[in-house]
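Asks: Take my numbering: the last position of the sequence shown gets the number 85, and nothing is skipped along the way.
Hints are not guaranteed to be accurate.
[As the list claims (entries may be wrong)] Cβ-Cβ distance ranges computed for the label pairs, FRET-style:
1. Val-85 with Val-32: 28 to 36 Å
2. Val-85 with Gly-31: 27 to 35 Å
3. Arg-72 with Val-23: 15 to 23 Å
4. Leu-40 with Ala-18: 15 to 23 Å
5. Asp-30 with Val-85: 24 to 32 Å
6. Ser-66 with Gly-19: 15 to 23 Å
7. Glu-65 with Leu-12: 16 to 24 Å
8. Ser-66 with Ala-26: 19 to 27 Å
9. Phe-56 with Gly-19: 14 to 22 Å
10. Ser-39 with Val-85: 23 to 31 Å
11. Pro-55 with Asp-30: 24 to 32 Å
12. Ser-74 with Glu-44: 13 to 21 Å
13. Val-43 with Gln-15: 15 to 23 Å
Hints were generated in silico from the structure; no laboratory data involved.
All C-beta atoms, glycine included, are put in the ideal place defined by N, C-alpha and C.
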Amino acid sequence: MLLHQLEAGEMAVVDAIHTDGVLRSRLRSLGIVEEGSLCIRRFGPFGATLQVMTESSFVALRKSEAACIEVNKIV
Numbered sequence: 011m012l013l014h015q016l017e018a019g020e021m022a023v024v025d026a027i028h029t030d031g032v033l034r035s036r037l038r039s040l041g042i043v044e045e046g047s048l049c050i051r052r053f054g055p056f057g058a059t060l061q062v063m064t065e066s067s068f069v070a071l072r073k074s075e076a077a078c079i080e081v082n083k084i085v
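Assemble the whole structure, with the sequences as input and the hints as a guide.
Replies: Below is the structure:
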């Protein structure tokens with residue numbers, strides 16, 4: 011499952027980040043790392059952006075960036 015497919019309020023663990031270079035480095039610096047947990051807080055207008063709570067901060071991501079992050083939903 012990809013990060014942007016979760017609903018607001020759902021929690022997940024990051025399984026893989028399918029990108030390289032600058033975006034991968036940026037995601038890591040924001041606290042989005044493999045095997046790290048996160049929670050979808052809310053979606054922006056028209057679903058173009060989403061707010062994610064990581065273990066250490068709140069992060070806003072574009073839907074295209076979230077589509078690169080494979081997660082496993084925590085039930």
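Asks: Now tell me, hint by hint, if it's right for this structure.
Replies: Status of each hint after checking the structure:
Taken as a hint, the range 28 to 36 Å holds for the pair Val-85 and Val-32, whose Cβ atoms sit roughly 34 Å apart. About 33 Å separates the C-beta atoms of Val-85 and Gly-31, a value consistent with the hinted range of 27 to 35 Å. Taking 15 to 23 Å as the suggested C-beta distance range, the pair Arg-72 and Val-23 conforms, at roughly 21 Å. Hint check: Leu-40 to Ala-18, Cβ distance near 19 Å, so the stated range 15 to 23 Å holds.
For Asp-30 and Val-85, the Cβ-Cβ distance of about 31 Å falls inside the hinted range of 24 to 32 Å, so the restraint holds. Between Ser-66 and Gly-19 the C-beta distance comes to about 19 Å, which sits within the given range of 15 to 23 Å. Take Glu-65 and Leu-12: their Cβ atoms lie about 20 Å apart, and the range 16 to 24 Å holds. Range check, Ser-66 to Ala-26: Cβ separation about 20 Å, and the 19 to 27 Å hint holds.
Checking the proposed 14 to 22 Å range against Phe-56 and Gly-19 shows it holds: the Cβ atoms sit about 19 Å from each other. A hinted range of 23 to 31 Å holds for the C-beta pair Ser-39 and Val-85, which are about 29 Å apart. At roughly 30 Å, the beta-carbon separation of Pro-55 and Asp-30 lies within the given 24 to 32 Å, and the hint holds. Hint check: Ser-74 to Glu-44, Cβ distance near 19 Å, so the stated range 13 to 21 Å holds.
For Val-43 and Gln-15, the Cβ-Cβ distance of about 20 Å falls inside the hinted range of 15 to 23 Å, so the restraint holds.
Of the numbered hints given earlier, the model fails none.
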